[in-house]
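From just these sequences and the hints, can you work out the full model?
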Amino acid sequence: MNWTPENYYFTKLNSAELPELIHFYLVTVQEHYKLDEYSEEDYDNDYNSLIGEDSIFFDRSIYYVLRNKINNAIHASIRITYWDKETSLPIQKLFDIKTEDLLIPKVDNFWHIGRFVISGKIIGNRINILKKMLFDAFYGPYSLGSGLIIAECDRKVVNTLRKLEIESYQLGDAIIYFYSETLPIYIKSQWLETFIQKNKLSHCSTENDKDIQKFIAMSKEMLFGSKNN
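Under the numbering used here, the first residue of the sequence shown carries the number 49, and numbering increases by one thereafter.
No lab work stands behind these hints: they were computed from the structure.
Note that CB positions come from ideal geometry on N, CA and C, so glycine has one too.
Warning: the hint list may mix true and false statements.
DSSO-like cross-link-like pairs, simulated, lysine-lysine; straight-line CA separation at most 27 Å [what the hints assert, rightly or not]: (1) LYS133 <-> LYS268; (2) LYS133 <-> LYS262; (3) LYS262 <-> LYS246; (4) LYS179 <-> LYS117; (5) LYS262 <-> LYS248; (6) LYS246 <-> LYS211; (7) LYS236 <-> LYS133; (8) LYS236 <-> LYS146; (9) LYS246 <-> LYS179; (10) LYS133 <-> LYS246; (11) LYS204 <-> LYS169.
The calculated label-pair distances, taken between Cβ atoms and stated as ranges, are [as the list claims (entries may be wrong)]: (12) SER87 <-> LYS248: 41 to 49 Å; (13) PRO153 <-> TYR91: 38 to 46 Å; (14) ASP257 <-> ASN207: 27 to 35 Å; (15) LYS268 <-> GLU89: 39 to 47 Å; (16) ARG174 <-> THR242: 15 to 23 Å; (17) GLU213 <-> SER97: 29 to 37 Å; (18) GLU89 <-> ASP257: 41 to 49 Å; (19) LYS246 <-> ILE99: 34 to 42 Å; (20) ASN120 <-> GLU213: 16 to 24 Å; (21) ASN119 <-> LYS268: 35 to 43 Å; (22) LYS258 <-> ASP92: 30 to 38 Å; (23) ASN119 <-> ILE223: 35 to 43 Å; (24) LEU249 <-> TYR91: 37 to 45 Å.
As structure tokens, this is what we get:
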């Protein structure tokens, strides 16, 4: 049985809804860190930076969002991107990490995860919502196997992942990014085994299998492109 939270529903984002997601992300960060001096200029700069970044990755990504059943407003989000190993990732710019440092031998599939945020307005079911968002994002990388998930991640989130029995490897020193202590990390797909198996019964759905087929198509497309080059 696929678990569904009361008053909310899980769905995916289309490209026309990307501005809505970026606005939700920035407003939620502002509220979480109580940024009283967050100016309109700050918002515009952050918005333009993030919308530009996500526009580049959108076609190779799936965005999972949680919406309110009454007004359809976004209350949680996470993005998983199948990385082409060529497009520069945010983690590379922020932490000065070279592409070759991420291309670990005997790993076939590379991913980037981002835009993970849950609104503080959600009072109940937070842990189940958290698990469902992570399950959806991680199911593809886990199922395709031989994978590496790369992320710039808030330290508190890294600690939460560890509590959920998801280990990660820290690639460098922390920095302050979007007002939080942020770490450069990666997660090997096999490290997701315990989490996926524990949550498969309650959180897996036919949509997850459809997502896998989408990522398999991306993988074949990239393989075909590399052979032609």
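Please flag the earlier hints that this structure goes against, numbers listed from lowest up. Hint check: 10 and 20 fail, others pass.
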